[in-house]
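Here the protein sequences line up with chains B and D, keeping their order. Each residue of the first sequence is one higher than the one before, starting from 2 at the first, in our numbering. Each residue of the second sequence is one higher than the one before, starting from 19 at the first, in our numbering.
Hints may contain errors.
[What the hints assert, rightly or not] If we take Cβ atoms under 10 Å as the criterion, some of the chain B residues that face chain D in the derived model are:
{"id": "1", "residue": "Lys53"}
{"id": "2", "residue": "Glu54"}
{"id": "3", "residue": "Gly58"}
{"id": "4", "residue": "Gly123"}
{"id": "5", "residue": "Asp188"}
{"id": "6", "residue": "Leu264"}
Note that these hints are calculated values from the structure, not bench results. Here a beta-carbon is modelled for each residue, glycine too, at the ideal position from N, C-alpha and C.
These are the residues of each chain, in order.
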Amino acid sequence: MQARKIEVMHPVESMLFGPFQFHAHSLMLLSFSSMWSWSSTYLSVSFPGMIKEYQQGMVAVGAEVEYVEPFEMFSADEFSVSVDEFKVRQGNSVFQVLHLIRAQGIVVARVKVRWKLLELDGDEALSATPGVIRPAFLQKFLPEEVDPSRVERPLLAQLDNLKEHGQLCAEFEYDFTLFRHRCEVADQWAFVELPTLASESRESLIDSLQEDPDELASSLGLALNNIYMEWRCPFYLLEKGRVKTQAYRLQGKLYFAHHVFNLTRANTLAAIVIETF
Amino acid sequence: MKIKLSGNLARFVNYKKELQLEGEGIQTVGDALHALVVSYPVLKDIIFDKDRNVKKGYLISLNGEKVDAAAQVSKGGEGDCLDVFTAIAGG
Chain B
2 MQARKIEVMH PVESMLFGPF QFHAHSLMLL SFSSMWSWSS TYLSVSFPGM
52 IKEYQQGMVA VGAEVEYVEP FEMFSADEFS VSVDEFKVRQ GNSVFQVLHL
102 IRAQGIVVAR VKVRWKLLEL DGDEALSATP GVIRPAFLQK FLPEEVDPSR
152 VERPLLAQLD NLKEHGQLCA EFEYDFTLFR HRCEVADQWA FVELPTLASE
202 SRESLIDSLQ EDPDELASSL GLALNNIYME WRCPFYLLEK GRVKTQAYRL
252 QGKLYFAHHV FNLTRANTLA AIVIETF
Chain D
19 MKIKLSGNLA RFVNYKKELQ LEGEGIQTVG DALHALVVSY PVLKDIIFDK
69 DRNVKKGYLI SLNGEKVDAA AQVSKGGEGD CLDVFTAIAG G
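Build the full structure now, drawing on both the sequences and the hints.
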């Protein structure tokens, strides 16, 4: 049977882009929307329906945004965001969704997101515990869309490689408060905001440099190759955070590794981001 | 005793940063939480399951230490700070 895919067209406009490429949060936001177009189309389950009818929620636990081909605002007038693969992974506990961003028939970027499934208690606060997909929801997936194997976590290998072989160039700490404009409906940080926190910390590091022997500022004139992300801990409205950013050079490439800590929750590691230029 | 509710619980106490709770009968964290839901009845079915246990989706810390509902508080909870957090990891 042919794989169930969906492709949604969008006009190109300036808010989606930085000078050299799509903003990562634009791609993640449009990808998330396409995920729910797919679910509505093939499963007849909307996002509110997942909560109300199946008592199921989800949180992002991992994502990669990869810029495959150069593509900036003047490259085309429109582009599409697809769901090319939607799988129930890891013992029915994770949704893994692959999105391709295409323009003029060429894949220009790829977004892969892993969502940990939650079982809701049914109360007004959307109280939840990590769990698995409920049987009535699972039966809407095709057999080939269910893969019990563990998901891959490419960030961990990349982080180990950087620590072992990279040349540490600079470090910086960036403090923030989580305000509501960064949150989703339940006042928890929206997953699309993680790359924006990382880039704010990177740009603050660059802004703070008195001297720049490693030419870190040059990254402001470069397109990103990819961003790898993992979420570890919740982060809620008005909680305080700190991004610890380290700049590395490795085999001619520039990397920024960001560890996001939730200061309100006893400095718990809340997320890790690695940007590769 | 101070009680702080964060995350998805804050709206049920009108976003107050901290709540004050007093009572001679409060001996454990569980007692404090049961006293809390007397003042804020809407929290009863949110924090507790049908067996009156704290739901697994919440973490409790007493003076910065992770505890369970059986943990002892100071006499009447005086000087203690109880935090109730949402436990779900992710974004």
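Review point. Should the hint that Gly123/B touches chain D count as held when the rule is a Cβ pair under 10 Å?
Key: The hint holds - Gly123/B has a Cβ within 10 Å of chain D, the shortest such distance being about 9 Å.
Review point. Hint check: is the beta carbon of Asp188/B less than 10 Å from a beta carbon of chain D?
Key: holds (6 Å)
Exercise for review: For the hint on Leu264/B, just tell me whether its beta-carbon gets within less than 10 Å of chain D.
Suggested key: With a closest approach of 12 Å, the Leu264/B hint is violated.
Point to revise | chain D contact restraint for Lys53/B - C-beta distance below 10 Å | key: violated (17 Å)
Review point. Under the criterion of a CB-CB separation shorter than 10 Å, is Gly58/B in contact with chain D as hinted?
Key: Holds: closest Cβ of chain D sits about 8 Å from Gly58/B, inside 10 Å.
Check your understanding: Does the nearest C-beta of chain D fall within a distance shorter than 10 Å of the C-beta of Glu54/B?
Key -> violated (20 Å)
Checked against the numbered hints above, the structure breaks hints 1, 2 and 6 and satisfies the rest.
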